[in-house]
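These protein sequence lines map, in sequence, to chains A and B.
Here the numbering used here is used: the first residue of the first sequence is 14, the next is one more, and so on.
Here the numbering used here is used: the first residue of the second sequence is 92, the next is one more, and so on.
Please keep in mind that the hints were generated in silico from the structure rather than gathered at the bench.
Even for Gly, the Cβ is constructed at its ideal location relative to N, Cα and C.
Heads up, a few of these hints could be off.
[Stated by the list, open to error] Here's a subset of chain B near chain A, in silico, CB distances under 7 Å, partners left out:
no., residue
1, T122
2, E124
3, R128
4, Y135
5, L140
6, E141
7, Q150
8, S167
9, F170
10, D195
11, F220
12, A225
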Amino acid sequence: MSAGGNRTQTAVGASISIAPLDHVAGDVAGLLGNFLFDLLGMFYPRQICSKANVVVIELVTNVMEHCSIRDGALRVDLKIDGDELMITVANPASEDEFKAVRDRFTIIANAEDPRKLLADTVYRRRIDKAKGGLGLMRLTAESKFKLTAEYEQGFLVVKALFPMRGFA
Amino acid sequence: MKVLTYGEIMDGGLSVFHSVAKLDDHHLILTFEGVIRVDNPYRYLHTYLEELAKVLPRQSVTETTMDFVKMRFCNSNGFYVIMDIVDAVYNLVPGRVTVRRIADDDWQCETLPILLNLSEEHIAARTNFEDVKAP
Numbered sequence: 014m015s016a017g018g019n020r021t022q023t024a025v026g027a028s029i030s031i032a033p034l035d036h037v038a039g040d041v042a043g044l045l046g047n048f049l050f051d052l053l054g055m056f057y058p059r060q061i062c063s064k065a066n067v068v069v070i071e072l073v074t075n076v077m078e079h080c081s082i083r084d085g086a087l088r089v090d091l092k093i094d095g096d097e098l099m100i101t102v103a104n105p106a107s108e109d110e111f112k113a114v115r116d117r118f119t120i121i122a123n124a125e126d127p128r129k130l131l132a133d134t135v136y137r138r139r140i141d142k143a144k145g146g147l148g149l150m151r152l153t154a155e156s157k158f159k160l161t162a163e164y165e166q167g168f169l170v171v172k173a174l175f176p177m178r179g180f181a
Numbered sequence: 092m093k094v095l096t097y098g099e100i101m102d103g104g105l106s107v108f109h110s111v112a113k114l115d116d117h118h119l120i121l122t123f124e125g126v127i128r129v130d131n132p133y134r135y136l137h138t139y140l141e142e143l144a145k146v147l148p149r150q151s152v153t154e155t156t157m158d159f160v161k162m163r164f165c166n167s168n169g170f171y172v173i174m175d176i177v178d179a180v181y182n183l184v185p186g187r188v189t190v191r192r193i194a195d196d197d198w199q200c201e202t203l204p205i206l207l208n209l210s211e212e213h214i215a216a217r218t219n220f221e222d223v224k225a226p
C-alpha cells in the first residue's frame, strides 16, 4: 500500500444492475449496502461509509417494496471522491408512479427543518404504524443528503448527493 | 445479573438483531445489538414487548441504561418497534435513563433522539447520553 497521498481523496465508483427484479429472493438492499460500506471503509471514515450504507439500503428497499414493474432492472451507481458522494438508484416506473414519488420529494425538499418533518411524521404515523416516505426523510434529516428524482426513459432515477466538505 | 427477557429477529435463518433486558441489583440494562432491516419487526418482537410490559413493573429499578452501541443500523421499518421498547422503559420503571450511543453515528445521534421522544420534557429530564467511540 502506498504510504503517500490522502486516502480520503480516493475516487471509487461502482455500478450494479440486477434484472429482473422478480428474481430477487433475499435481502439485496442489505447485501449491497454492506458491500459498499466495507469497500469504502478502505479509504473513508466510518461516518461516510455509514451514509452510503443507509442511502443504499433505504433506496433499494423502496424499490423492492414499491416497484410494480417486476420484470425490469434495478440499477445502483455509486461515485465518491474528495468532493462528493453520489448514489443513484434507478428502477422502471410508470409516469404516474414517478409523479407520486416526485410529490413526496417536493415536500421533503421544501421542508425548512427536515429533522422536524421527520419527527412530526414519525409521531403522527405511529398510531397506525404507517411507513411511506420515512426512509427518504431520514436521508435528508439524518444523513444530510440532497435528494432528487427524475424520470428518464421509463426509469425513476433517484439521486442522493452528499458534499464531502470537512471529511476529505 | 439477572436476565429478565429478550427478543430476537431472525432473517434467512440467522439472528440479525437481539435485545436483552437485564437487572443488575436495581439497575435495569437494555442492550440492542445487530441490525433491524426486516419488513415487519413486530412479527419477531411482539412477544418481547408483551414480556417487557409484564416483567418491568414487578422490578425494583432505580436507574436504567439503554445501550445502542452495538446496534449498527435501523431502517425506517424499525422505528416504531424501537419507540415501543423505549416507551416500555420510560412508562414502566422510574429513575434516570442513560442512553449509550456511538458519538459520530448519524442514526444514533440524529434519529434515535426522535425515537426516544426527547421533545417530551419529562422524558428529556430523565435522560442523559453517554457518547462512545465506534467499537
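Verification of the supplied hints:
A distance limit of 7 Å between C-beta atoms decides the matter here; for B/T122 the minimum to chain A is near 20 Å, and the interface restraint is violated. Checking B/E124 against chain A by beta carbon gives a least distance of about 16 Å; that is not within 7 Å, so the hint is violated. Residue-level restraint check for B/R128 holds (minimum Cβ-Cβ distance to chain A is 5 Å; threshold 7 Å). Interface hint status for B/Y135: violated, as the beta-carbon distance to the closest one in chain A is roughly 15 Å, over 7 Å.
The restraint placing B/L140 at the interface with chain A is violated, with a minimum CB-CB distance near 13 Å, outside the 7 Å limit. With 7 Å as the threshold, the beta carbon of B/E141 stays out of range of chain A, its nearest partner Cβ sitting at about 17 Å, so the hint is violated. Because the beta carbon of B/Q150 sits about 26 Å from the nearest beta carbon in chain A, more than 7 Å, this interface hint is broken. For B/S167, the interface hint holds, since its Cβ comes within 7 Å of a Cβ in chain A; the closest pair sits about 4 Å apart.
Against a cut-off of 7 Å between C-beta atoms, the interface hint on B/F170 holds, since the closest Cβ of chain A lies about 6 Å away. Here the hint on B/D195 is kept, as its CB sits about 5 Å from the closest CB of chain A, short of 7 Å. Because the beta carbon of B/F220 sits about 16 Å from the nearest beta carbon in chain A, more than 7 Å, this interface hint is broken. For B/A225, the interface hint holds, the least distance from its beta-carbon to any beta-carbon of chain A being 6 Å, beneath 7 Å.
The structure is inconsistent with the numbered hints 1, 2, 4, 5, 6, 7, 11, although it conforms to all the rest.
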